[in-house]
Amino acid sequence: MTLTDSEMEYIKKEIGREPNSLEYGMLDIMFSEHCSYKSSRPVLKYFPTEGEKVIIGPGDDAGIVELTEELALAIGIESHNHPSAIEPYGGAGTGIGGILRDIMSMGAMPVALLDSLRFGPLEDQRSRYLFEYVVKGISDYGNRVGIPTVGGEVEFDDNFKYNPLVNVMCAGIVPKKDLVRAVAPNVGSVFILMGGRTGRDGIHGVTFASEELTTASEIEDRPAVQIGDPFTKKMVLEATLEVLEEIPVDGVKDLGGGGLTCCISELAAKCGNGAKIELTKIPLREEGMTPYEIMLSESQERMVFVIDPKYIDAIMKIFEKYELPAAVIGEVTDTRKMVVEKDGKIIANLPADLLSDPPVINRESRKPNEHRDYLKLEYTDPEESLLKILSSPNIASKKWVYSQYDHEVQVRSIIKPGDDAAVLKVDDMKAMALTCDCNSIYTKLDPYHGGAGAVSEAIRNIVSMGAEPICIVDCLNFGNPEKPEVFWQFKECVRGMAEVAKCFETPVISGNVSFYNETEGVTVNPSPVVGVAGIMDHDNIRTSDFKDDGDIIIIIGKTYPEMDGSEYQKTLHNIIQGKPPKVRLKDEFKSAKAVLDLIREDKNGDITAVHDCSAGGLGVSLAEMAISGDTGAVINISKLPKEGDLDNFQAFFSESHARYIVTVKSNRANEILDKIKAPKAIIGKVGGNRLIIEDLSINISLEKLKNSYYGVIEKFMA
Amino acid sequence: MKVGIIRFPGSNCDRDVYQALELAGGQPEYIWWNQKDLSQIDAVVIPGGFSYGDYLRAGAIAAITPVIEGIKSLVKDEKPVLGICNGAQILAEVGLVPGVFTVNINSKFICQWTDLKVETTRTPFTSMYKKGEIIKMPIAHAEGRYYVDYIQELKDNDQIVLKFASENPNGSMEAITGVCDQTGLICAVMPHPERASLTILGSDDGLKFFKGIVNY
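These protein sequences, in sequence, are chains L and G. Following our numbering, the residues of the first sequence are numbered contiguously, the last one being 718. Following our numbering, the residues of the second sequence are numbered contiguously, the last one being 216.
Take the hints with a grain of salt, since some may be wrong.
What the hints assert, rightly or not - Cβ-to-Cβ under 8 Å is the rule here; a few derived chain G residues that face chain L: (1) Asn-12; (2) Cys-13; (3) Pro-66; (4) Met-128; (5) Gly-132; (6) His-192; (7) Ile-200; (8) Leu-201.
Claimed, not checked - Residues of chain L placed beyond 10 Å of chain G at every Cβ, according to the derived structure: (9) Asp-140; (10) Val-145; (11) Asp-229; (12) Pro-230; (13) Glu-287; (14) Glu-323; (15) Ala-327; (16) Asp-406; (17) Val-409; (18) Asp-545; (19) Asp-548; (20) Ile-672; (21) Ile-676.
The set of hints was computed from the structure by calculation and includes no laboratory data. The beta-carbon is built from N, C-alpha and C at its ideal position, and this holds for glycine as well.
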């Protein structure tokens, strides 16, 4: 039980009596951090949430933004960290299930999944087990439902050994005229519960997710993990789409964290209405369930439809076709109360908005003491260093992961996993780019620049594909917010993210906060996972692979001596220290605009490849372009735009933001260079079968690069 | 040409096949698993997915549904039947094509693009290719490793339709990933031609499978 003394006082004052045990349980889950966002709400106000294209911002099941004249994008992201730590297969699967329902609840067909995953090192047996089964859980669930998993990211670090992070992002497409919301506006309308039966799984899932884990969690908290059933989910999806096509519904909402209690109270409270539920009507999976268990169960694959009673027969017919249990479980009332009855007798009676809108808690925040024991590092051999970084599981090819995901179903996948972002066909003219990114090490070293950096990197990935960013979603994974140092990290991080979002006029339209990612004293590195969607014409799609021999390589953006927190520092010296790369807002925007302007004006395909610089710096970016293009390059880095005391070694491995690499047709190179309104320089030429850095004694065959980059994860997982 | 697309609970490539058939100039229509009478239909495609969740052996439950009776009578009328991925597994399970598609050699789901060699052009679906032509289509399955006890018979009867041309990712016998019955009218392929029906998706090599049906 997690209700605090002051919360109990508040509740008693509001209802004028002690809550009974069922009411207590209902309040307990609704006051949990997971359902109420009681700590994070005041901070999340920093985010810009409005924009010309925003149709529905934060607060509904998913955010909605305009894609084309007719179509809208529904997008959301969710964490399933605690369940996945305890039961990786089921935890990851139901994570997918939850975010799919959120998208379906808006009336949208889910068209893409992306996962952001963080585990302990692959050398650790338990981390390998968690990694293998999380990926299998995603694969078995997403593939079965028929939603392509098109992208994501994976990070391995000691820090996530006991607390893996599993974040899932989903995008859906919906004709604007078919949008539905999670509302119950009409008194007298009925609630229809459809889909999986209600059982004893996932009880207190949200309160468990709002506490730290312990070594005993794996055994004690198993019942709090929900059980997924992708086959039923697929039926629920098909039936939902058919209902929305056939029947004018008032509202739809999925049942996720907090089960029926959360779903019904939020539906009613949003419209200033009340609700009356009859417990005996709810289709149950097992006998003898108590009201407490029924109201708190987080059994999966359930949806609630709010409809005028005259459509009951029609809707039931559709559910029968799909052989899905469904029942009228209650009605919308004007009492503003959430009333639960059993055989007509009231067993719980609480104000709906008390449940849906608990008071915020203003948490204390305190800047932690800085570590000052900074080690000076000796340079290593540049060639060997590059190969080692390419073989770091964080940088190396993730083919082992994405080949287990069906990334082709629904025939939209234009750019497949492995590039900067996935690109999906929207219609015959337009495509959208999707990515999710995070750098937990930067955020640990400096939460402001880490948060800002995550948004910047995600935007760069979208821009590199030729798309204009249209919205941001975020999944903020932090430790215990009751610790002032953790809450300070959280506030600084959100502040940094918000600054970049404002600068790019890209609103944050949906998100999720996951606190309490701690196990017995180990707090995870703060991990702000940022998803960005972008839109482009088919003609503007660019990829990162080197294309033709002779193409000229241009770098856009300045390089600074920013080696702290870099992949180089971590892989070659096993050290994480110092100040991470700074986000310079104006530079970031200028570089992005320069790239997009080039692509928009490029009618003849003179811009042949685009890639951004992020983890691993210029070195890794060039190597990736060579590997994927199966073509080498000759580079001279001494001429690149720079600031500060920067030598060639640093220039190659520094992870300064705001940088892109572009290749162009050689006969147009100078003309194009002149057009770029940002710091820029020609640094080399595509061709041959070696990556040669003339002024850094690097001369590596493509084969050696590929051998370092591919097969790394496979070796550990064999 | 009215082409029926069979929908089982859990089919998930039905819409994709619909789109590809339209592109090929056919008139697709969906057929629910419990429909027995297919006499109004000129050809059938069983699309991919996870019929009934495929919690048992892939295709095991779909193989005993009423629509299978309809497909069998369609076959008697010499109308073409194409099974793709889960559809191929179902046709093998029913015994309408020889052999089995079993668990991949690495025991994992594999999604990737593959090079394929067209081994015969006598089926309606491959009639628009050249024999020996190399085409690009993606695979996406966990149970696609082909095995048959009587491989020589298949060779003698020209029943091998597609083979992996370079890598053999799932460990299929002799890299076989598409077979047909003795008449050539019933064809089961693991790769997804509908996912290779538009150049922007990576290739339109698969579209001829559907054009072949429409022109039959």
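Enumerated hints in conflict with the structure, sorted upward
Numbers 3, 4, 5, 9, 10, 11, 12, 14, 16 and 17 - these are the hints that the structure violates, sorted from lowest upward.
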